[in-house]
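Q: For the protein sequence lines, the chains are V and U, in the order given. Numbers 5 to 298, taken from this note's numbering, label the letters of the first sequence in order. Numbers 1280 to 1606, taken from this note's numbering, label the letters of the second sequence in order.
Do not rely on the hints blindly, as some may be mistaken.
One side only, chain U facing chain V, incomplete, derived with CB under 7 Å [as the list claims (entries may be wrong)]:
(1) 1364
(2) 1382
(3) 1385
(4) 1485
(5) 1496
A short list of chain V residues far from chain U (calculated; beta carbon distances all over 10 Å) [what the hints assert, rightly or not]:
(6) 66
(7) 124
(8) 183
Using C-beta positions, here's what the derived DEER-type ranges look like [to be verified]:
(9) U/1521 <-> V/152: 47 to 55 Å
(10) V/5 <-> U/1340: 54 to 62 Å
(11) U/1335 <-> V/5: 44 to 52 Å
(12) V/121 <-> U/1291: 25 to 33 Å
(13) V/86 <-> U/1552: 12 to 20 Å
(14) U/1561 <-> V/96: 28 to 36 Å
(15) U/1335 <-> V/93: 44 to 52 Å
(16) U/1519 <-> V/55: 34 to 42 Å
(17) U/1525 <-> V/130: 30 to 38 Å
(18) U/1552 <-> V/175: 37 to 45 Å
(19) V/55 <-> U/1523: 26 to 34 Å
Keep in mind that the hints were calculated from the coordinates and are not lab data. Glycine is no exception: its CB is placed at the ideal position from the N, C-alpha and C atoms.
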Amino acid sequence: MQDVLNAAQLGSVYLLFALGMALAWGTIGILNFAHGATFMFSAFVAHLVSQAFALPLPLALLISVLTGALISVATQVFAFQPIIHRSRNITTAETRILIGGIGVASIPLAIAQRMTHSAPFGINTTYQDVVWDLGLFRLSSTSLIVLIAGIGLGLGIIFWLRRSKQGLALRAIGVDSETAAGMGINQFFLSIGTMAVAGGLAGLAGALLTIQLRAIAPETGDQLIIKAFAIIVLGGLGSMTGAFIGSFILATVETLVLKANLGSWVDAVSFGLIFIVLLLRPQGILGRKEVRRT
Amino acid sequence: MIDWYNSNSVLLQTTLTTLLLALSIQVSMRVGVFSFAGIGAFGIGGYLAAIGMTKWQLETIPAIAIGALAGAVVVFLLGLLIGKLTGLYLGMATIAFTLIVAVLAINGGELTGGASGIFGALGDITLEGVALVVLVVVALLTFTELGSLGRQLDTVREDPELANSLGISVTRYRRISFAVSGLIGGLAGGITTLTRSTITPEEVNFHLVVLALTVIVVGGSGSWVGALIGSIIFVWLPTWLDFVSEWEELIYGVLVTLAAIFLPKGILGVIRDLIHRWQSSRAKKAAGVIGPDQDPHSISIAETALPAGVGGRTPNRRPASTTKEES
Chain V
5 MQDVLNAAQL GSVYLLFALG MALAWGTIGI LNFAHGATFM FSAFVAHLVS
55 QAFALPLPLA LLISVLTGAL ISVATQVFAF QPIIHRSRNI TTAETRILIG
105 GIGVASIPLA IAQRMTHSAP FGINTTYQDV VWDLGLFRLS STSLIVLIAG
155 IGLGLGIIFW LRRSKQGLAL RAIGVDSETA AGMGINQFFL SIGTMAVAGG
205 LAGLAGALLT IQLRAIAPET GDQLIIKAFA IIVLGGLGSM TGAFIGSFIL
255 ATVETLVLKA NLGSWVDAVS FGLIFIVLLL RPQGILGRKE VRRT
Chain U
1280 MIDWYNSNSV LLQTTLTTLL LALSIQVSMR VGVFSFAGIG AFGIGGYLAA
1330 IGMTKWQLET IPAIAIGALA GAVVVFLLGL LIGKLTGLYL GMATIAFTLI
1380 VAVLAINGGE LTGGASGIFG ALGDITLEGV ALVVLVVVAL LTFTELGSLG
1430 RQLDTVREDP ELANSLGISV TRYRRISFAV SGLIGGLAGG ITTLTRSTIT
1480 PEEVNFHLVV LALTVIVVGG SGSWVGALIG SIIFVWLPTW LDFVSEWEEL
1530 IYGVLVTLAA IFLPKGILGV IRDLIHRWQS SRAKKAAGVI GPDQDPHSIS
1580 IAETALPAGV GGRTPNRRPA STTKEES
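So here's chain V without its partners, still in its complex pose (with noise of 0.2 Å):
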């Protein structure tokens, strides 16, 4: 029962990430490498502020949420859209905003790993984690507000994307992006909103996950970017129902290895996982069909 809870809380963390970068990803089409950075930068950024004096749950979550949309929004506008104004097409775009991806991702890590000397870094809060025991399972408190942050943003922006006015205007761009601009949808500022939403859940995560490790080292964020694209293609492109699901999947398989003494085999999972989706169901599991030739 306790691995259940252990599964459910891994997978929360990994959906208020893998949220973030589906949304991008699934409907402005930007494949943002540098969310991982933006991830661990959120938190360090926090961690800078605690230094000074502890500070309440809120704030600290606060401040890494706005940091990470600051951080995106500013990728978005600096790298990202000087190369798709600059790219022939949208292959060549893909490749250089992955690319340019990586060199942002470089410049906060550099940062991160010169001003903690490669350490693990924690946020000084004044939080106290309170442990309930319930019989079945323990539950703590930290554990509850990353599991309600993750579903409860989960379902909401499944919601949102799928009700509301800007939730059509995006999934309209992650069809048809020409059609959808002669439908008088202004795409600059809702790709500017799109990644500032997801810089902030990334943030979100950032911070949540510190806290409930009490540290993270820097290099956190590169591991779950390909843990995120691997929830993203299980899935399925453009569907965030699918990110849900994907990332409690890869968390339920995750425990079970570890569950089964084969710790050292964790991270193998995910990168099998993006091979055998890729060649056995490209879509993904709940993911529209892509056609493009060649």
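Chain V is already provided as a structure; the job is to place chain U on it using the hints.
A: Then chain U, alone, in the frame of chain V:
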């Protein structure tokens, strides 16, 4: 000169192995395959060479050869498996492949030395030997960049559908590129490992992908010359400028981002553009007797339009006036 050569032989060797590593990715990119499998081959080649030296008591050259061949075979098979994928999907799948190699190395037990890797695999490697290997690789790659083969590969990259309709087998070239990429990556891994005498799973990491990509993107992805420019910059820049070695990762990140935005063809592309501009301005000056700002092509048309006798007598003045009227 000899002194300089001796005191910098380590850096020179690093430049050459970095070049090999970068070439292993560039080979795929030149046929439009966005694959990082060469980095995985680097791990395979490095580990097999080290195992060959320490466990199987092989000589240096056979150890490296086994590693390189294994890299080629594994990456070729990977290519058969995932060759249908395109763009980002292929890129990410091959990154996953590279990281799986690292996970296998961690879990290889006795054979791979687990998380601490393999030590004491010092090969008998000279700078001349490495230079020879690189020369052979570069010579072969130059052959693929010139003439009709070069044009075919360019077509495969720029417009696969057109290539197919011209009877160029896109699939075949892509498969070959996987094998070559694995071979070069394996060579790079073997040579690097036997020079340093150690390899750990940590080395075959995302960091290596970033390094190889950085070298190519900044140098230029169109030709091995670009990879060479990139390797020289990244190996030598930290030794020239102190603040670069201090902020290495940060500066590389900025450079890659700037290159991705402003210089999609890298430094090599800028140099080629400059040479082209210089040549065409010289060509204009050669025709400059007529008028420096006129296109030589339109003048020749004007010339032929004139009656033969007139054009023959006053070739310099008359055509100029005719072109003016035309425009």
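Q: Give a verdict on every hint.
A: Hints and how they fare:
Proximity of residue 1364 of chain U to chain V holds as hinted, the smallest CB-CB distance being about 6 Å (cut-off 7 Å). Against a cut-off of 7 Å between C-beta atoms, the interface hint on residue 1382 of chain U holds, since the closest Cβ of chain V lies about 4 Å away. The restraint placing residue 1385 of chain U at the interface with chain V holds, with a minimum CB-CB distance near 5 Å, inside the 7 Å limit. About 5 Å separates the beta-carbon of residue 1485 of chain U from the nearest beta-carbon of chain V, less than 7 Å, and the hint is met.
Interface restraint check: residue 1496 of chain U against chain V, minimum CB-CB distance 6 Å, threshold 7 Å, status holds. The beta carbon of residue 66 of chain V sits about 27 Å from the closest Cβ of chain U, which is more than 10 Å, so the claim that it is off the interface holds. With a least beta-carbon separation of about 17 Å from chain U, residue 124 of chain V lies farther than 10 Å from that chain, consistent with its non-interface assignment. In this structure residue 183 of chain V is separated from chain U by more than 10 Å, as the shortest Cβ-Cβ distance comes to about 22 Å.
Separation of residue 1521 of chain U from residue 152 of chain V is about 50 Å and conforms to the stated range, judged on CB atoms against 47 to 55 Å. Taking the beta carbon of each, residue 5 of chain V and residue 1340 of chain U are about 58 Å apart, inside 54 to 62 Å as hinted. Judged by the Cβ atoms, the range 44 to 52 Å given for residue 1335 of chain U and residue 5 of chain V holds: they are separated by roughly 50 Å. Hint check: residue 121 of chain V to residue 1291 of chain U, Cβ distance near 31 Å, so the stated range 25 to 33 Å holds.
Taking 12 to 20 Å as the suggested C-beta distance range, the pair residue 86 of chain V and residue 1552 of chain U conforms, at roughly 19 Å. Roughly 32 Å separates the CB atoms of residue 1561 of chain U and residue 96 of chain V, a value that falls within the hinted 28 to 36 Å. Remark: the range hint 44 to 52 Å for residue 1335 of chain U to residue 93 of chain V is upheld by a beta-carbon distance near 49 Å. Checking the proposed 34 to 42 Å range against residue 1519 of chain U and residue 55 of chain V shows it holds: the Cβ atoms sit about 36 Å from each other.
A hinted range of 30 to 38 Å holds for the C-beta pair residue 1525 of chain U and residue 130 of chain V, which are about 36 Å apart. At about 41 Å, the CB distance of residue 1552 of chain U to residue 175 of chain V agrees with the hint of 37 to 45 Å. Distance hint check: the CB atoms of residue 55 of chain V and residue 1523 of chain U are about 29 Å apart, consistent with the given range 26 to 34 Å.
Checked against the numbered hints listed earlier, the structure breaks none of them; every hint is satisfied.
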